[in-house]
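> Chain by chain, the residues run as shown.
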Amino acid sequence: MFWWRRKKSKQKAKERLQLVLAYDRAKLAPGKMEALKQDLLEVLGRYFPADQEQVEIEFEQRGERVVLVADIPIRS
Amino acid sequence: MQARAIVVTSGKGGVGKTTTTANIGAALAAEGEKVAVIDVDVGLRNLDVVMGLESRVVFDLIDVLEGRCKMRQALIRDKRVENLYLLPASQTKDKQSLDPKIFRAVVKHLLEDEGFDRILIDSPAGIERGFQTAAAPAEGSLVVVNPEVSSVRDADRIIGLLEADGVEENRLIINRIRPQMVRRGDMLAVDDVQEILGLPLIGIVPEDEGILVSTNVGEPVVLRKDRSQAAEEFRNIARRIRGEKVPLPSFEEEGGFLASLRRIFGGR
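For the record, the sequence lines run as chains A and B.
All residue numbers for the first sequence refer to my numbering, where the first residue is 1 and numbers rise by one.
All residue numbers for the second sequence refer to my numbering, where the first residue is 1 and numbers rise by one.
Treat the hints as calculated values from the structure; they're not laboratory data.
Idealized CB from N, CA, C, for every residue including glycine.
Do not rely on the hints blindly, as some may be mistaken.
Listed next, the in silico DSS-like pairs over lysine-lysine satisfying Cα-Cα at most 25 Å (straight line) [claimed, not checked]:
id, chain 1, residue 1, chain 2, residue 2
1, B, Lys34, B, Lys101
2, B, Lys108, B, Lys245
3, A, Lys27, B, Lys12
4, B, Lys12, A, Lys10
5, B, Lys79, B, Lys101
6, B, Lys34, B, Lys225
7, A, Lys12, B, Lys12
8, B, Lys34, B, Lys93
9, B, Lys34, B, Lys12
10, B, Lys34, B, Lys79
11, B, Lys101, B, Lys70
12, A, Lys14, B, Lys34
Taking beta-carbon pairs under 8 Å as the criterion, some of the chain A residues facing chain B (in silico) [unchecked claim]:
id, residue
13, Lys32
14, Ala35
15, Gln38
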């Protein structure tokens, strides 16, 4: 009876929808995100070494706005 | 709504476009408007069976578009309510002639020369030519959406296309909502859908077994005698389209202590 712990499925639905619509509305063709990632890495590589394997680029919902978030660990 | 030519659309199939078209069309006619409902789903026509007029189809939309018959020969008058007419889609003929420009002229003719007050256009699912044709003459739309991820996603796409096509008066109908699931947080609530799609809401229709029964017998629920929540709301949508201020029903999620108690003690 852990009814208070269960995350409501509609919340999950809403979060997933907001994210998928962010991609839809940006009219991003499949593979474009990967292409962007490669281009970014190429530019970044001219300035400092990035850990290519762990770079993550995605859309994120922040309140009303959708932002593009790049998570780029620096190789030490 | 100012719009006299209104497309009923959704992107996704199976969300209730045809049922919505039939019922709102009948309800508008019952309110005294002269209404034509047009099925543009060529090859998969269904508005005729949902309305129970299938046995009276002689000519269809394609015949009209290609000039094989006069408009009045193709329009089927619904005998159960004054001033309701159906223009059926073709089930077999080539949809090549489903041309947006010609279809726009047909709708214009109905409004300007045949004395119709309102035209409801039942759009096919999808975003292809059929949809584009259905939307071409429309000044407004009823976007039908189920509170469910795939339907909301497709509706978002459709809204974008309608706006790009210059259809201005776009309204949202949330169809087949299940109040009990919303109450326990397992279905997107009205507010959620509206927040995501950002379109003015004109109706919230609950899931209702009476709809299937009415489709079985070919009689729109709004024309039936038995009490039905869906019928009530379809009638209210028609009145809102006509500019009456009819409050929307509320199926809100319950929060807090009382809701928790109810869940524990076997309430819904």
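> Please list, smallest to largest, the hint numbers that this structure does not respect.
2, 5, 8, 9, 12, 13, 14 and 15
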